[in-house]
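Visitor: Residue strings, one per chain:
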Amino acid sequence: MATPTTTQPRGSAKVNRLGLEKSIYKGLDSTLCNGCGHDSISARIIDACWELGIKAEYVAKFSGIGCSSKSPAYFLSRSHGFNSLHGRMPSVATGAMVANNTLTGIGVSGDGDTGSIGFGQFKHAVRRNVPMLYIIENNGVYGLTKGQFSATADVGQELKHAGLNELPPIDLCLEALVADCGFVARAFAGDPKQVTELLKAALSFKGTAVIDIISPCVTFNDKDDSTKSYSWGKTHNERIFDVTFVPSYEEITVDYDEGQAKEVELHDGSKIVLKKVDRSHDPTNRMAAITLMEQAKTNQLFVTGLIYINNDRPDLRDYEDLPETPLAHMPSSVTRPSKESLTKLMQGMM
Amino acid sequence: MATPTTTQPRGSAKVNRLGLEKSIYKGLDSTLCNGCGHDSISARIIDACWELGIKAEYVAKFSGIGCSSKSPAYFLSRSHGFNSLHGRMPSVATGAMVANNTLTGIGVSGDGDTGSIGFGQFKHAVRRNVPMLYIIENNGVYGLTKGQFSATADVGQELKHAGLNELPPIDLCLEALVADCGFVARAFAGDPKQVTELLKAALSFKGTAVIDIISPCVTFNDKDDSTKSYSWGKTHNERIFDVTFVPSYEEITVDYDEGQAKEVELHDGSKIVLKKVDRSHDPTNRMAAITLMEQAKTNQLFVTGLIYINNDRPDLRDYEDLPETPLAHMPSSVTRPSKESLTKLMQGMM
Amino acid sequence: MAVEVQTKPAPAPSREPIVNDFSITIATKNGSGSQTANATILRALFKMGIPVSGKNIFPSNIQGLPTWYTIRVSKDGFTARKDESEILIAMNKATVIDDVQKLKPGTMCIYSDGLGYTPQRDDVIFYKIPAAKMAAASGLEGKLRGYAENMAYVGVLAHLLGIEYVELESALNHQFKGKTKAVEPNTKTIKMAMEWAKVELTKADSYRVERMDKTTGMIMLDGNTASALGAVYGGVTFVAWYPITPATSVAEALGYYLKQLRTNPETKKPTYSVIQAEDELAALGMVVGAGWAGARAMTSTSGPGISLMAEFAGYAYFTEIPAVIVNVQRMGPSTGLPTRTSQGDILPCYFLGHGDSKHPCLLPGSIKEIFEFGWRALDLAERFQTPIFVLTDLDFGMNQWMSESFEYPDREIDRGKVLKAEDLERLKGNWGRYRDVDGDGIGWRTLPGTDHPLAAYFTRGTGHTDRATYSEKPEEWEGNLERLNRKFESARKEVPAPIEDRVTGAEIGIIGYGSTDPAIVEARTLLAKKGIKTSYMRVRALPLSESVGSFIRAHDRVYVVEMNTDAQMAQLVKLDTPELAARIFHLNKNDGLPLTARWISESLQKMEA
Amino acid sequence: MAVEVQTKPAPAPSREPIVNDFSITIATKNGSGSQTANATILRALFKMGIPVSGKNIFPSNIQGLPTWYTIRVSKDGFTARKDESEILIAMNKATVIDDVQKLKPGTMCIYSDGLGYTPQRDDVIFYKIPAAKMAAASGLEGKLRGYAENMAYVGVLAHLLGIEYVELESALNHQFKGKTKAVEPNTKTIKMAMEWAKVELTKADSYRVERMDKTTGMIMLDGNTASALGAVYGGVTFVAWYPITPATSVAEALGYYLKQLRTNPETKKPTYSVIQAEDELAALGMVVGAGWAGARAMTSTSGPGISLMAEFAGYAYFTEIPAVIVNVQRMGPSTGLPTRTSQGDILPCYFLGHGDSKHPCLLPGSIKEIFEFGWRALDLAERFQTPIFVLTDLDFGMNQWMSESFEYPDREIDRGKVLKAEDLERLKGNWGRYRDVDGDGIGWRTLPGTDHPLAAYFTRGTGHTDRATYSEKPEEWEGNLERLNRKFESARKEVPAPIEDRVTGAEIGIIGYGSTDPAIVEARTLLAKKGIKTSYMRVRALPLSESVGSFIRAHDRVYVVEMNTDAQMAQLVKLDTPELAARIFHLNKNDGLPLTARWISESLQKMEA
Ligand SMILES: Cc1ncc(C[n+]2csc(CCOP(=O)(O)OP(=O)(O)O)c2C)c(N)n1
Ligand SMILES: Cc1ncc(C[n+]2csc(CCOP(=O)(O)OP(=O)(O)O)c2C)c(N)n1
Ligand code: SF4
Ligand code: SF4
Ligand SMILES: [Mg+2]
Ligand SMILES: [Mg+2]
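Residue numbers (our numbering), protein chains in the order written: chain A, 1 to 350; chain B, 1 to 350; chain C, 1 to 609; chain D, 1 to 609.
Hints may contain errors.
Label-pair distances were calculated between CB atoms; the ranges are [to be verified]:
| hint | chain 1 | residue 1 | chain 2 | residue 2 | range |
| --- | --- | --- | --- | --- | --- |
| 1 | D | Glu478 | A | Thr253 | 57 to 65 Å |
| 2 | D | Glu602 | A | Gly348 | 18 to 26 Å |
| 3 | C | Glu141 | B | Asp321 | 33 to 41 Å |
| 4 | A | Gln347 | D | Asp501 | 55 to 63 Å |
| 5 | D | Arg486 | C | Asp556 | 28 to 36 Å |
| 6 | D | Ala182 | B | Tyr319 | 38 to 46 Å |
| 7 | D | Met607 | C | Gly439 | 49 to 57 Å |
Because the hints were derived from the structure by calculation, they are not lab data. What you are looking at is a predicted structure, and each value in this text was computed from that prediction instead of being measured. Cβ atoms here follow ideal geometry from the backbone N, Cα and C, with glycine treated the same way.
Take the sequences, apply the hints, and build the full model.
Guide: Here you go:
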């Protein structure tokens, strides 16, 4: 599953631009089931961070509860991790990202964690534009509690114990869009190249970047007719773009025909190059993105790629007008007003 | 504010088809502020129920917490009321509507109640298609706690203490649409005719009928430049239709030009007649509805009327395959299986 | 086939056969399908008339982490966990060294050759079995082949202990509901393994089983099934729930049995509704809504769900809406150990909600009682118009227990005080929702949809008069709260009373509850052997019965045995009988494993010393 | 103008002037703008050097329902509520009859002619004032005219009691920050009313005020402002909150003062962040996230919010993340009486969360202490790496109190045990997040972003080793919980100790806490007058100090005075000192109104009898 990309050090280079080997970006051994989609996403996160030369010490990992939410233990062992409560990752990440504005945030959640119990927090975090990568490892099922339906299960989906699902699915990309998310993507865990490139782009995005990754649960929901299975994914994955991420410190070397590709520049000067594959879609057009997702939902299409990007929204750190020094490191001399100020206040209250 | 409609008893008739005077449909005296939009909505609920000849004893009223959520005390005193917890009206109504499938449910919530703390429950209730009228009395502010921003406040909205809002608003109609709601409408509390007709239509709808009613808070958010103020509403209210509701037991007498109106028939045989007013909009087209709301949100347009209607989704009572006898009245002879059945079970476990 | 048997005789001196009195631990990996094998052994023993119990010590993981299944075989009928096992079946490479380490001298170990393990102890009898080869010979493929490995140890164990093949076969038939296709490959492997063992192994240990008649008329099942059945026979009509270990199987069993027992035979329609909510706040919200509208409504959850239900629990307490909340306790605080047992939610449930809230809690102490309290809880909830918590735990809920057969409810379903339209007619509408007309603190309620112009009232979490209208008046607030306390006192008398075993001459009393009962019962026999007489009171509900006081008064020292960190029941006992506090001692432990008789008896002796 | 003055002399025999010792109740409607008027009276009296306190008894409504504002004037410095007022200003038609009914003989009532009320009692002195007319004469329009009616009673009262006009004027200037445009219409009306009263009224009552010097150096403010200021001077850097009465003004004051005091003068950037969350679950989640990342983080809420915070509180307890939660208590259970006071969340906060969770709670007993505990709570949270609850209540939080000036914190900000990159270098990475290296149960933590390859650890609500890796091992679980209990015991010694006033020869002890302190202090003087000596211990935190036990031991009977239904503190005291339980008595009342000295003293005497 090696994923050669433009940003990876060339040739036989075993170290990235920080001079680190990829193994440095690993985590503990996974305790998920063999073949679980979540594990391949962890591998892609490791790839992306290594390739980008991200300093893991400045990354904070967040998750809720579920098999998916366990995965932050399985990548970036040099990063602080916060395995929070079921559905509450968004609020925790909000607090942490405001407390220290130098951190890069990576959140991993599940479809149950985000779509059911955490739905409100998810929508509000997106609305606030909390600067973080928000990955949903979407398997249409509750893995850790052994196979109940999640809210992303398709109508007609069947599970061993839970039977047949009749309720319409929540489409988390559509939900993110409607909540004014500036970076919305969908991918398939079984498509390593696309996942890695999207992760890299998302990690450079300023604001909440939501990636809904269909990540098969091999134990409870991998029957061929499930839209969240490997075989469905493999046969139905319809990439709208061939995505390539070009970090700010590299030249674009990927070649593409004019007119067939679109370049989107991010705040930090990096670029996303989108080569059109099949249908024509303008990811900078919000209405087009909504329409695409709505169609995909109605027709059970598995379109993947960068659905929407908008660089223009302020993020939460802008809204909060954060100073350069992280709140976490604000010295006491700054945080405790002077004795005189108190005396003055007291006089005003006399 | 009397609202003559086709369904109201003609002439000087003081009683409806159940032979009841309108006063029977009143509630206690309101304790809301003079001029509060919520009170005029209560008056419209009274109108609608009286005009339809609904038997109040079979209605259950639900609400969360807020000024808006107090209002069920101020209409239909013959109906049981359930003033629940902040943001939790949807779950309570879900349980009650399943427990007794003969009840008509009227829920009243606020923008804070539904859009902040109750956002997840709102979306999930809509997804389940809980059979009920779900009114949001939307004033863009927390009234009862004295003037904080709610999540529907527009960018640039100013409040005395809270300052300036910078976060993008949640559009509750759009949210309902995306959650597969089959009846989505927007109205203005200062437009009695439209509110009443929409309420009547919603009360006859099978499934969740969401009406987002802009309902000015005269105490905390009625400045002219607020999109939730009376003056804004009056000047910007752009009705997309002239809505008339014709109950099943009446003939259509309202006249309209062919081609200029659309008739939508509901499950119970009643009809909604929509006379086009301004822009052309097909309320049976989901994508059109989403587009309209998205446009309205982006351009701060105040389009009102029936945004979307879809009679085809099963409601929660269908999903649950409820029997004719309400669960609440299931006799013990039915609910306690026989002694023999237990003996047999026990033998199977020996 | 290469067979290795411990040749040096183990240093066990006597070699007298040990019959029907030992524990077996089967160490495997999670998700390896060993449950069927273990259940087969358990059931075969059970059907041989031998008292057994089976406990699964499993990780919070789906596949791959270590799992230990323990079967206790006890001619005396003890079902508590024991500190050690005499027989180890080692099937997990990751733990085999540790697992063997824990064995006492003279015990035995069956291990798979697949582990690449070489025994390092000579005071334990080892039997190596070619599990993988046997499984290959089964002709099964893929995952199923792994499962067959498990049947290999079943066969070998059966041979060594003398478990009857016919009982193994019928156990498999029972599990697979007679589906030959599923049963056959398993029986085939078992037979093969038994044959192999007969030929290749020399029995060097002293453990055996023998048919008895101690399980006649008994059933075997897990507590969550009992919970579900209790509710089914209690006439539950509405269930809302959210998945959480170890409570999930309550709702799943409800779904299963309701479908079976409560589908209208004519219309094929359910006479109930089960909804998977989006979280626990919504689950209890739905239950409260349904209970208000007149359904018999319940939910099931565990620790984190309890925390999330706090606001609604307080609401239902104050607005007086019936609701049943089954809490299958797991280890907390926080996410804690989701697959380990504890009794840590006694205080949190009793006082759930802000302000002065409190709730009756039922504390079943056996599987049979879980069934009984399943239906009684629904009656009590409607009678007292209040949330009723039923607290079991993971040990009860998810493990296999032998139990007396359940008794059909001995009284009619109690729907509590509900006024119908005709009652209102009779009363000429002169009623108040929260009026205490009967002196028990319980008002009469009406249900929405009641066809009477004066039936309606307005339910609110805010202060109210006895006619349910809004009130902030100090006297009315106080009066209402006083009535609620009166109602709580009425409940004290109606909830299941403690069960006592007073022993004449005993200075020591033991108070216990819930799943620790089997360990306490056994500990008392251990203590008795040491000449220490003990009385025993098993409390079965909160608020505590007044008889707790007289029990304490009758003894010099009373030990409250429980499985939590903060001695929660001991605290409540002291609160109710402060004047006796000096006699009350904490005997609590909370490491995730069910208490053992030995721990109780030794700790008590230490404290006595 | 028509003036009606009580002509028949009231039956008061002596007619000695009553100076600086009475209460005034102003009965109005919510939203009628009377706050300004009442605050003006209060402040003018305060600036005349007379001890005063002001309490608003208001409804959960924005406009129209009855509101009573009570001003106590007490030359002896008592600030507790009194059971009755001697002066009634009746401005609300809906309540005037009831309000007058409550007056004792010999007292007085000023009422507006707008009520259409005719006095029915001849044992009370009535003054009718043409408030509407005076307001009309003010020249103000609309809403403002209504407000002017309020200034009419200010003027009349000022005349009758002798409140100095200059102080009224300067009070208005203080309130309107000197804005003449706002001040003027009010002073105009006051002057007019004073003039009118001088001419038209004959003083028939005996109440008057006289300048004193008892408030020099004192400040006047509400407790929520004190809370906010405490946090500001405690160096708070992150606040997340959700609006709820009566806690909202804590966050609002935080916003106000942080902006003023903590904006970087050069960059104009805030050195803090305040976020209005979508609910209380998110509010505490944000605080926990921020605290984990190293911010000094807090939230403020009330009852329902506490319930919703249960899961996160347990999480933060178990993962050991600092957080401060200010709970401005209101009446529960459930929505209860959102605008009435109570001390009903003692148990719920102490035990918040499922499993064996518990939390230090600070219980400030004065406005000054609210400020002090505001900053100390942040220190304690970071020192003990745990949630710290600060419990005040509506009475403290939203009412106007006179207070000693606040003292600047007497010690450096304590950021607790945090390892930096250089520390890790020194330790060669040999550290464990949950390792008890100092014997106080508190481990060392690192913050995310620490530039050292071994700085990271994984925070989880599940069982963990002292290196924060996942563990289900029984010994590790137990060991961790034991350490947490050790840490809790360390906290017991560090939280604010009780304050005692032991009286020699006193058989009776009183234990109290929080906002009931003024009533207890006054009650003790009443009791002393009856010859009943009492000692007093004001507890200031949970877990309870060990000195509580010795206090109880030193007295025969100890009364725990509190304002809740279930005598929650008394329960905790008993739990900590069960051997003394027989001496501990409950003296609790919970009707939504602050306790009065008379109630305490009479109830105690009744119980003594
Ligand atoms: C408050 C609470 N309720 C329930 C649970 C039990 N629980 C653990 S994981 C989970 C669902 C996880 O599903 P998803 O987010 O889809 O993750 P997956 O395991 O499928 O990756 C649930 C319900 C919990 N931990 N906390
Ligand atoms: C759990 C909880 N948190 C906070 C509150 C306080 N509260 C009462 S009403 C309200 C907001 C109401 O706003 P909205 O729903 O918009 O209703 P409005 O008053 O504007 O009609 C809040 C936050 C509460 N009652 N419960
Ligand atoms: S149960 Fe499913 S989601 Fe969980 S680890 Fe296994 S495959 Fe992955
Ligand atoms: S505060 Fe606003 S929302 Fe509340 S009653 Fe008054 S006008 Fe209505
Ligand atoms: Mg999932
Ligand atoms: Mg609002």
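Visitor: Does 49 to 57 Å hold as the CB distance between Met607/D and Gly439/C, or does it fail?
Guide: violated (26 Å)
Visitor: Look at the Cβ atoms of Glu602/D and Gly348/A and judge whether their distance stays inside 18 to 26 Å.
Guide: The hinted range 18 to 26 Å is violated for Glu602/D and Gly348/A, with Cβ atoms some 40 Å apart.
Visitor: Does the Cβ-Cβ separation between Arg486/D and Asp556/C fall within 28 to 36 Å?
Guide: This hint holds: roughly 31 Å between Cβ atoms.
Visitor: Tell me if the beta carbons of Gln347/A and Asp501/D are separated by a distance inside 55 to 63 Å.
Guide: For Asp501/D against Gln347/A, whose Cβ atoms are near 31 Å apart, the range 55 to 63 Å is violated.
Visitor: Falls inside 57 to 65 Å, the C-beta gap from Glu478/D to Thr253/A?
Guide: Since Glu478/D and Thr253/A have Cβ atoms about 58 Å apart, the given range 57 to 65 Å holds.
Visitor: Are Glu141/C and Asp321/B spaced within 33 to 41 Å by their CB atoms?
Guide: holds (40 Å)
Visitor: Does the Cβ-Cβ separation between Ala182/D and Tyr319/B fall within 38 to 46 Å?
Guide: The hinted range 38 to 46 Å is violated for Ala182/D and Tyr319/B, with Cβ atoms some 60 Å apart.
The structure does not agree with the numbered hints 2, 4, 6, 7 stated previously, though it agrees with the rest.
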